[in-house]
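Protein chains in written order, with our numbering: chain A, 345 to 801; chain B, 58 to 126.
Don't read these hints as lab results, they were simulated from the structure. Be aware that a few hints might be false.
Within a straight-line C-alpha distance of at most 25 Å, the following computed SDA-like cross-link-like pairs (lysine to any residue) qualify [what the hints assert, rightly or not]:
#1 B:119 - A:477
#2 A:735 - B:82
#3 A:735 - B:83
#4 A:735 - B:72
#5 A:735 - A:754
#6 B:119 - A:478
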Amino acid sequence: MPSDLRDGRIVIVGASLAGLRAAETLREEGFAGSLTVVGDEPRPPYDRPPLSKQVLIGDVPAEATALPMRRDPDAEWRLGVAATGLDLLEKRVMLADGESLSYDRLLIATGTRARPWPNPEEGALQGVFTLRTIDDATGLAEALAAGPRRVLVIGAGFTGSEIASACRERGLDVTVAERGPAPLVGALGGTLSRLATLMHRGHGVDLRCGVTVTALHGDGNGRFTGADLSDGTRVEADVCVVALGAVRNVEWLAESGLAAGRRGVACDAGCQAFNMYGIVINDVFVAGDVSRFPHPLFGYQMLSLEHWGNAVAQAEVAAHNMLNPGPLQRPHLTIPTFWSTQFGLNIKSVGVPTYSDHVVIAQGSLEARRLAMVYGYRGRVTAAVTVDMGKVLDYYRHLIETAAEFPPPPGAADRAIAADIPIPSDVPDPKGLSHEPVVALTGYLPDRRLMVVQPVG
Amino acid sequence: MQIVVDLTRCQGYAQCVFLAPDVFQLHGEEGLLYLPAVPDDQLERVRQAVAACPVQAILMGKGVSAGAE
C-alpha cells in the first residue's frame, strides 16, 4: 500500500449518484492516483427521481436525465460491465467480461435494483414493468403514452404512489393494489397513511388495500391483460407496474467474506466495510443505497436508506475517509432526509419515522392537507414529516439532532391544537406490506420482539 | 448542459420558477419539477436561477461524456 493516501489506485464499483459524487470528492480532496469507475449499466451516471415523475408525465425523455458533474473526476469509466466478484486478499475486483481490476482502496456503491415480480413468466409478459432504470422508464412512458385502458400498480410505497399520480395526471384509469392497510403506511405510519388514502381516492385512483395480487394474466401472444386479486376480484388492465421495493445489489459479494446480505453491506460510521465477523476491512468502503451503517441518534441501530441525499452525503464522507488516516476521518452522521411529490402534494421527511412510538401534528392540519407531523420514540423527537410545509423542516431537524423532548415544545406561531395530543405512530411490520419503508432499521433493540414462537399443533 | 436540483435542500422559494419558467415548474404548492437537460436558449435564465436560489440547491454542469466501451 502506498504510504501517501493521495496516490495509488482507487476503484469505485457503481456508476450512479454515489459513485459519481465520490469520484468528484476524491479529486476535490487531492487524490492524484488512478481512478476507475465500474458500472453495470451502459450509461453514464443519471438521476433516478425524475423517472417516476417528469418522465412518466411525459415532460422529459428518460435519457435526458444525465447527472451534471461538479467537476470532471478524470476517471476511467468502465460502463456496461458488472462486477462479479471481490478478492479481499488479492485486492482485486472481478468483472463480467473476464477482466479484473486491482485496487489499493475500493468503494462499493452498487445500489439497488427493482424487486422483480416473483413469477418470472408472468413478469416477462409484455406490458409488465418495474421502474428503476432509464430503460424501464422509457418503456413505461411509451406504454402510458399509448393510452392503455387501465394501469395496475402493485405496491403503494413512494414509487408506486408517484406512478399512480403520474397516471392520473395523464388521465389514465389506474388501480393500485397494496397488501397493507394503506399507502405509505410502512414509511410514515398510520395517520399520514390515512391522508395518503384520501389523496389516492380524491384523485380518482381505484385503491385496493388489504389485498395481494395472486396472478398476472396474458393473452395468447404474451401480452398482459389483467390480474387476479386475493379477494377474488379481477382487474383488467393493459399495463402493470410492479413497485414492490428494491433489492440490494450484493450478490457479487457473496463469496467475498464481507458482511453483505439482503439488507446491504454493513459498514462502520466512517463507511469502512465490515467482514462477516464484524471486523473492519481498512481498504474497502461502502456508500449509498447498498450500505448499512450505525447511527448514534437512532440507538446505534444499523440504517439502510434509499435516499438521494444519503447517497451524496455518504459518498462524500467515504471519499474523504479513503484519503485520510484514522484520526482525520469523519463520521457519516447525516440525518436521513427524503422527499416525494405526488397528487400535487410535496411530502418531505427528516429523521427515521419508523423509529417511533407516538406522533403529534405540530403545525397545520390533516384537513388543510398542509402540516408538520413530529414522531417521537420514548419521549424524544426522532423524525418529522411535512406536507407542503418544507420550510419548517429544518427546525425539526434541529430537534432531532439535539434529541429534544417529545412532544416538542411550542416552536411555531401556527402550532396546531393537536400538538399536545400524542397518538400512536402505528408503524406496521413491513412483512405485511407490498411496499417497504425507504428507511429501514436493520439492527436490533432489546425491547422489540423480533422472534415469534409459534405453537405447533 | 444538465441540471439537478437537490430537492432535499429545496424549500420551495420558487425563485427558479420565476426566472426560468420554461425549465422549472411547481407542481402543487411546493413540489418542484424541472427539465434536467437545459435547452440552449434557456441557459442564461437557468444560470440566473442557479445564482438566485436562496438555498443553493441547483447544480448545473456537463454530464459524464464516457460512453459504453
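Now for the hints, and whether the structure bears them out:
| no. | hint | result |
| --- | --- | --- |
| 1 | B:119 - A:477 | holds (20 Å) |
| 2 | A:735 - B:82 | holds (18 Å) |
| 3 | A:735 - B:83 | holds (15 Å) |
| 4 | A:735 - B:72 | holds (14 Å) |
| 5 | A:735 - A:754 | holds (17 Å) |
| 6 | B:119 - A:478 | holds (18 Å) |
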